[in-house]
Amino acid sequence: MTSVLYDVPGPKARRISLIGSVIGVILIGGLLALALVTLAQQGIFEARRWAIFGQADVWSLIFNGMGATLSAAAIAAVIAFPLGLLLCLMRISDVAWIRVPTRIVLEFFRGMPVVLMMLFVLLVFATSPFIAVVAGLVLYNAAIFAEIIRAGIQSLPKGQREAGLAIGLTSFQSRLSVELPQAIRRMLPSLVAQLVVLLKDTSLGYIVAYGELLRAVQVMADFLGPQFLFPVFFVAAALYIAINLAVSRLAIWIERHGSKKAAGGVAKAPTAGVTTVIK
Amino acid sequence: MDVIIESLPQYWDGFLRTLFLAVVSGIIALVVGTLLAAARVSPVAALRGFSMAYVEVVRNTPLTIAFFFAAIVLPRLGVTFQQFEIAAIIALSAYTAAFIAEAVRSGVNSVPVGQAEAARSIGMTFGQVLSLIILPQALRTVIPPMINILIALVKNSSVAGAFFVLELFGYGKQLANDHGDAVMWVLAGVAFFYLLITVPLGYIAHQVERKVAIAR
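Protein chains in written order, with my numbering: chain A, 1 to 279; chain B, 280 to 495.
To be clear, the hints were calculated from the coordinates, so they are not data collected in a lab. Honestly, I wouldn't trust all of these hints.
Claimed, not checked - Quick partial rundown of chain B residues pointing at chain A, CB under 7 Å, derived from the structure:
(1) Ala325
(2) Ile369
(3) Leu418
(4) Arg419
(5) Ser437
Bear in mind the structure is a predicted one, so any value in this text is a computation, not a measurement. Glycine included, C-beta positions come from ideal geometry on N, C-alpha and C.
With the sequences and hints as input, model every part of the structure.
As structure tokens, this is what we get:
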């Protein structure tokens, strides 16, 4: 493997790089060790603190929190995607009185913190925290989905729409049956990446008192005692990050497998940087 | 409506604090993120590995978890912050740096191979290739996505408001508690001040995008 950014390293450069790597690993290892020692001094690694994970109740609380997180994310995604599609079609409509208001609405929701929308729904409409979380996520992510799909449609070659119109499709039919399918396929990696953002944002539910994973952690810490806060938090955070990593990997996998048959037939130019030259 | 005018001083204070958090964390994140991106394409394997691992883990960590850790878990371990703003800035800039690094890396990828090859063929070292040839071109193409990341940073700073920092969202929560009868107006006021930052930034990103698209 070589990169176009630097020459193939010779023996000397390789040695320097190796020494640099070793020093780097030692530095990072040292920092980690320091953190671990500090934690150990607090008594974090005492077996009794971790023994709580032998109890079924602790796991059931964690999985309840996890389930609350995932169900909010799933419901929000299922509602937000069609809504985003609709908003996208309205945003690129030929009719000005549909296009312009939609644009303003999209700008508004995109420029707003999700947690503020959640709090707004919670307090103004006096709903349950679950509805507030889902509503906040739907409003924000529908706007983002709309923008992503719009970017996909705009990246298509002009000929796609022209061909659609030329065979007698109406403007709307061309959007629906020619452009949208290609745009969605092309933007699939971005759409899945946005799903990760959505999943991460469910953790904001903690702030509006929704019983998701972090809230479950706090409830357990209050119930079991503060000395158990770190172990419970550690396990919950690891779970959260593991799920997000899995979805991100899925996005990368889709990108890799989808790009082979990318719609619209645009050839990719070779680029510098980490793209390695395969011999 | 009266509530907004009545509590204008709080709004203004919160607005300034939001702006402060965003600007300071933004600058730190830009610097750290660019360094991380440089490490990601460097010849030293450990730097590449570290940068990759950092970006991968941080991008998949919800910000709320980071703040929860800093605000609620750390004090239990005996680490307390004199001013919680400092913890907020650390969390926000560490989080945003990962996204900046990804943006810069994709920018590096967008520079044609010939540029790097030409630079190397006239005898430039890796550091020179990167700092004189690749990064200046890469940064130009990544300005729009970077502005979008900064917009996200402004919005993300609201999470700090939920954890003891009195910025816009923090004041919003407080005012909503004090004025239970006018919650809608209170929060609409908060929204207005957020849009005051994010909409102009979005407009700039759009304009820059147009210019750069023509240039390349």
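Taking the hints in turn, this is what the structure says about them:
{"no.": "1", "hint": "Ala325", "result": "holds (4 Å)"}
{"no.": "2", "hint": "Ile369", "result": "violated (15 Å)"}
{"no.": "3", "hint": "Leu418", "result": "violated (13 Å)"}
{"no.": "4", "hint": "Arg419", "result": "violated (14 Å)"}
{"no.": "5", "hint": "Ser437", "result": "holds (4 Å)"}
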